[in-house]
Amino acid sequence: MSDQHPHVLLIEDNPGDADLVRLRLVESRSDVDVRCVDRLSAGLSRLSEEQPAVVLLDLNLPDSHGADTFRKVLSKAPGVPVVVLSGQDDEELALKAVHQGVQDYLVKGNFDSKQLARAMRYAVERQALITSLDMSRRQQLQFKDQFLSHVSHELRTPLTCIHQFTTIMLDGISGELSGEQREHLETILRSANQLRSMIGDLLEATRAESGKISIEPRCLVAADVIQQAASMMKASAQEKRIGLEAAVDTRIPMIYADPDRALQALLNLIENAIKFTPFEGSVMVKACLVEADHDFVYISVADTGRGITPEARNLIFERLYQDPNSIDDSRKGLGLGLYITRELIRLHGGRIWVESQLGHGTVFSFTLPLFSMAKLLKPVIAVEGRLRDSISLITIELSPLLASSAGNWDRDRRQCLQLLRSCVLPDKDTVLPPFENSNGGELFLVVASTDEHGAKILEKRIREQLEHSQELKTGCVFQVATTELDLPSQESGESIEQNVQKVAGVITETAMLKLQRTGNSNGHAKNIGNLAGQQTIEGRIL
Amino acid sequence: MSTKPKILIVDDDPDLRRGLNLRLRANHYDTSYATDGFSAIAMAQKERPDLIILDIGLPAGDGFVVLDRLQQSAALSAIPVIVLTARDPQFNRERTLKAGATAFLQKPADNSELLNVIRATLNPAWPGTVGAS
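Respectively, the protein sequence lines represent chains A and B.
Each residue of the first sequence is one higher than the last, beginning at 1 in the working numbering.
Each residue of the second sequence is one higher than the last, beginning at 1 in the working numbering.
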């Protein structure tokens with residue numbers, strides 16, 4: 001904009017009104033060009049080429065009417081000030097426009113050159129102010145993020161020392177300990193753990209605020225996530241002799257969520273419940289389906305603590321909220337846990353709420369989306385209300401050669417997913433979200449709208465890509481197989497939804513067979529059970 | 001002589017070095033250490049360790065420089081490197097793995113996790129992996 005002569009974009013279809021505006025501008029001796037268009041579409045295309053100093057906008061144009069007109073202009077050029085030219089009987093709409101981001105309005109035939117010049121000048125000033133406020137807000141957020149990232153790094157170094165030497169003593173590496181010494185060291189370690197999780201929460205909360213948390217949803221068994229969370233929290237429940245139980249409806253189908261994030265949300269809630277429940281109370285985790293809502297699983301964490309006041313219920317998910325009436329002798333924490341939890345659930349498209357009665361415990365509930373294969377498949381395998389003539393399924397089983405939890409496997413499986421996505425045709429084929437098998441490997445499914453011959457060509461392409469990738473070749477083993485699916489007869493009068501559902505069923509079945517074959521009889525649960533077991537045996541984990 | 005695996009610890013913080021040293025020796029590893037990027041490469045050449053535990057924030061060549069040098073050297077590129085840093089995984093995990101590290105752990109790392117990763121890295125055919133079954 002700076003290297004151009006400032007100009008006004010006038011979007012007005014009535015030639016008389018347009019001339020009047022030009023006349024007023026000449027009278028006011030403002031040194032601006034006026035570029036006039038008589039259609040919204042022409043105005044919008046002008047806006048994508050050049051940025052005027054101000055837009056003067058008639059709301060009723062041949063190709064757009066009313067609120068739609070200003071909304072389209074605002075979304076096309078969010079940083080450009082807009083002054084609405086309103087009809088005599090349209091002031092209400094013009095006011096609405098001002099509330100929604102337009103800078104000002106003038107009533108046609110009712111303004112002189114001074115008023116026009118002033119409206120334009122103020123519109124420019126206000127818009128500049130808004131833009132600079134918005135920019136500085138964003139800069140502040142970014143600074144906060146960098147600052148916290150830096151601070152957390154500096155805090156972690158001494159914390160690592162505390163942790164390392166405390167565990168060295170506790171593990172007897174530097175000699176025998178008396179019972180009392182051991183107790184003191186365990187206190188130090190507990191406090192260090194608290195510090196570490198606070199540092200983590202600080203970073204998470206800032207990221208949630210600046211929209212930097214991303215989730216990677218996968219197909220998960222809800223019971224596995226709940227079981228894992230419960231077994232990770234078992235030790236702290238036992239410390240307070242709190243009964244921690246989980247009840248999961250076995251009919252719940254797979255959910256579609258980020259495994260780490262879903263676990264984190266659940267752990268936050270269980271940890272809170274344990275914290276606010278007195279000795280020998282109980283904490284109950286439940287997962288169920290709700291008749292009226294087929295898209296979500298409902299998970300709740302109920303405790304027998306003293307409950308939350310109605311006022312606190314409204315504030316409890318806000319940042320830095322701490323219960324002022326807390327008489328609990330444990331430390332309060334930062335008040336970020338529930339805020340982070342809410343953001344994590346929101347990112348999944350779910351919601352979270354709390355019910356409580358003073359003296360009768362608290363129930364936190366949240367929803368996570370159920371995985372719907374049919375929903376993902378429909379746009380790919382159905383055209384014009386019919387299934388495609390042939391549909392094939394390519395399965396890719398990828399397993400890590402090295403059982404390293406922290407290293408390349410994560411990178412490799414992501415790379416494999418990306419690679420598969422690059423092999424398929426976007427509107428004819430789809431890569432389904434991967435399934436985890438019990439060996440820690442991954443099962444990828446590619447659904448292709450083609451017969452066996454076409455699928456074989458795609459399979460070959462996938463094979464070549466996998467073999468071409470140095471990382472995947474050295475770090476993993478893979479198996480690729482193709483089958484053409486038997487499609488349901490489409491003459492039997494069933495709806496396309498029912499037919500898609502049937503195909504989804506066949507694919508799910510194939511996936512389950514593969515998962516069982518590569519794993520052992522217990523499938524998922526066994527694997528996660530083992531992991532959780534490891535984590536509870538090692539009692540001193542930061 | 002000794003058949004214990006040799007681990008080179010690279011960290012500029014003396015206390016962290018000492019702590020890690022104690023922990024690794026207690027778990028039957030031989031250790032040596034370096035305090036900056038430059039001497040890390042020199043020590044790697046001299047000692048030919050089986051594994052390197054590498055910090056990122058280092059004087060005289062940070063962890064990324066060290067990873068680069070190791071990758072470029074025919075003699076050293078095969079040595080596995082576990083990055084152990086206080087830095088934010090969000091900005092550093094992918095980057096270190098891309099630069100050639102075998103694993104990324106954030107400080108303070110849980111001891112059992114660190115030891116598991118060390119074992120798995122030194123012995124890729126560790127029971128339980130797919131390759132072994």
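Since the hints were derived computationally from the structure, they do not count as laboratory data.
A virtual CB, placed ideally from N, CA and C, is assigned to each residue, including glycine.
Incorrect hints may have been included.
As the list claims (entries may be wrong) - One side of the interface only, derived from the structure: several residues of chain B facing chain A at Cβ under 7 Å:
(1) 12
(2) 15
(3) 16
(4) 19
(5) 26
(6) 86
(7) 87
(8) 89
(9) 107
(10) 111
(11) 115
(12) 122
Stated by the list, open to error - Here are some chain A residues the structure puts well away from chain B; computed CB gaps all over 10 Å:
(13) 5
(14) 74
(15) 192
(16) 223
(17) 230
(18) 247
(19) 281
(20) 318
(21) 379
(22) 452
(23) 488
(24) 491
Next on the checklist: Please list, smallest to largest, the hint numbers that this structure does not respect.
Outcome noted: 1, 8, 11, 12, 15
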